[in-house]
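If you read the protein sequences in the order shown, they are chains A and B.
Residues 1 to 138 in the working numbering are what the first sequence spells out, letter by letter.
Residues 1001 to 1141 in the working numbering are what the second sequence spells out, letter by letter.
One or more hints might be untrue.
Said to hold, decoys possible - Simulated crosslink set (EDC-like; lysine to aspartate or glutamate; CA at most 20 Å straight-line):
| # | chain 1 | residue 1 | chain 2 | residue 2 |
| --- | --- | --- | --- | --- |
| 1 | A | 124 | A | 110 |
| 2 | A | 124 | A | 43 |
| 3 | B | 1130 | B | 1067 |
| 4 | A | 15 | A | 75 |
| 5 | A | 114 | A | 64 |
| 6 | A | 114 | B | 1091 |
| 7 | A | 15 | A | 91 |
| 8 | A | 114 | A | 93 |
| 9 | A | 124 | A | 105 |
| 10 | A | 114 | B | 1117 |
| 11 | A | 114 | B | 1077 |
| 12 | A | 15 | A | 93 |
| 13 | A | 15 | B | 1045 |
| 14 | B | 1134 | B | 1045 |
| 15 | A | 17 | B | 1067 |
| 16 | A | 114 | B | 1057 |
| 17 | A | 114 | B | 1059 |
| 18 | A | 17 | A | 71 |
| 19 | A | 15 | A | 88 |
| 20 | B | 1130 | B | 1068 |
| 21 | A | 124 | A | 64 |
Because the hints were derived from the structure by calculation, they are not lab data.
Please read these numbers as outputs of a predicted model, since none were measured by experiment.
So you can see what is in the structure, the chains are spelled out below.
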Amino acid sequence: MAEETRESALQEAEKRKVVETDAERTRDRLAFVPRADIYETDDAVFVVADMPGVDESSLDITLENNVLTIDGYVEPLPPEGYSLIYAEYREGDYVRSFRLSDETDRASIEATLKDGVLRLTLPKGKEARRRKIAVKAG
Amino acid sequence: MLMRPFTRYTSPWREMNRLFERMPTWPGLSVAPGYPAVNVWTQTDGAVVTAELPGVEPECIEISVQDDTLTVRGTRECGEVDQNVTYHRRERRSGSFARTIQLPFRVQGDEVEAAFEKGVLHVSLPRAQKDRPKRITVKAG
Chain A
1 MAEETRESAL
11 QEAEKRKVVE
21 TDAERTRDRL
31 AFVPRADIYE
41 TDDAVFVVAD
51 MPGVDESSLD
61 ITLENNVLTI
71 DGYVEPLPPE
81 GYSLIYAEYR
91 EGDYVRSFRL
101 SDETDRASIE
111 ATLKDGVLRL
121 TLPKGKEARR
131 RKIAVKAG
Chain B
1001 MLMRPFTRYT
1011 SPWREMNRLF
1021 ERMPTWPGLS
1031 VAPGYPAVNV
1041 WTQTDGAVVT
1051 AELPGVEPEC
1061 IEISVQDDTL
1071 TVRGTRECGE
1081 VDQNVTYHRR
1091 ERRSGSFART
1101 IQLPFRVQGD
1111 EVEAAFEKGV
1121 LHVSLPRAQK
1131 DRPKRITVKA
1141 G
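All chains should be built: construct the whole structure from the sequences, respecting the hints.
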C-alpha cells in the first residue's frame, strides 16, 4: 500500500509539457502546462494556477477572441559554481489557454500572483445573462 | 536434504521496488521519492537543493538537517473555498508533505541557509568542516 501512494506522489510531481498544435513558440525554452484549479461561484469563475518561478513582471495575460492565455516566463537561475547532479524537475515557462464563456465580464478580470500561484477572477457580468430574443413573426 | 529458509514476509516485488527506490544516482546521494520534486546541485564545498513549492507559506516550511540528511517538511493549503462552489478542474493538491534527501557528505548544520522566492525553495548546505577534502602537499626528497 505504501508503495502505491509513493508512486502516485511521484507522478504528481512530474510536469506536463505543452503540446504544440497550431502556432510554434518562438522562445527557445521548454514550456509546461501549469496545474490549475478552476471553480465557479454564483458571481465569478476562479482560476488558480501553479507557476513557480514566475513573478508579476514575467507574466503575460492576454485575451483574444474569447481565449484567455497565461504565459509566465521563468528565468533559470542555476547556482553559480555548482553542477547539477540530480534533477527531478526542469525549469521552463508556463503556458495555458482557457476559452471564456459569454458570461464573463471582460473588463473586470483580475489577476494576482503570489509565491508562484496565479489567481484569476473572472466575474460574471450582469448584462451577460442569457437574453431572451423575441421572435418576430413575418 | 537441504532446507532453504523461506522468508515469508518479503515478496520478490517488494525487494525489487526497494532496490530501485534506494538506487543511488550519484555516489552517496540517495533520494526517497515523494513530493516536492527536487534538484540537487553540488560542488566540493557544499550542495544546493531546490524545490518547487508554489503557494506554500514560508512559515509552513520546516527544514531540518542531521549529519548528511536533509528533511523538508510542510503543509500546503489551497485556499479557503466557500460552500457554494462548483469545481471544473481540480489539479492542484493540498496537504502535508515530507521529503528526505541523503547527501554525499555531512552538512555544517549551523551554516545552512534557505530562501523562498516566487514559490521556489533554495537550500544551501555547506559541507561540514571535518568532511572537507584536505589538500596534502607532497614533500620532495
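Report task. Take the C-alpha atoms of residue 15/A and residue 88/A, compute the straight-line distance between them, and say whether it is at most 20 Å. Result -> holds, 10 Å
Query - Restraint status (C-alpha distance of residue 17/A to residue 71/A at most 20 Å) - result: Holds, because 14 Å separates the two Cα atoms, which is no more than 20 Å.
Query raised in the report: Taken at face value, is the distance from the CA of residue 75/A to the CA of residue 15/A at most 20 Å?
Result: holds, 17 Å
Query raised in the report: Holds or violated: residue 114/A with residue 1091/B, Cα cutoff 20 Å?
Result: Between residue 114/A and residue 1091/B the Cα gap is close to 18 Å, so the pair holds against 20 Å.
Requested in this report: For the pair supplied as a hint, residue 17/A and residue 1067/B, confirm whether the alpha-carbon distance does not exceed 20 Å.
Outcome: At roughly 37 Å apart (the allowed maximum being 20 Å), residue 1067/B and residue 17/A break the hint.
Requested in this report: Given the hint that residue 124/A pairs with residue 64/A, test it: the Cα-Cα distance must not exceed 20 Å.
Outcome: Cα-Cα ~18 Å, so holds.
Query raised in the report: Given the hint that residue 114/A pairs with residue 93/A, does the C-alpha gap stay at or below 20 Å?
Result: holds, 17 Å
Query raised in the report: Given the proposed pairing of residue 1130/B with residue 1067/B, does the C-alpha separation stay at or below 20 Å?
Result: holds, 11 Å
Query raised in the report: Given the hinted pair residue 1130/B and residue 1068/B, is their alpha-carbon gap at most 20 Å?
Result: Holds, at roughly 12 Å.
Query raised in the report: Under the criterion that the straight-line Cα-Cα distance not exceed 20 Å, is the pair residue 124/A, residue 110/A satisfied?
Result: Holds, because 12 Å separates the two Cα atoms, which is no more than 20 Å.
Requested in this report: Assess, step by step, whether the Cα of residue 1134/B is no farther than 20 Å from the Cα of residue 1045/B, and give holds or violated.
Outcome: holds, 11 Å
Query - Restraint status (C-alpha distance of residue 114/A to residue 1057/B at most 20 Å) - result: Holds. Residue 114/A to residue 1057/B sits at ~10 Å (cutoff 20 Å).
Going down the numbered hints, you'll see the structure goes against 5, 13 and 15, while the others check out.
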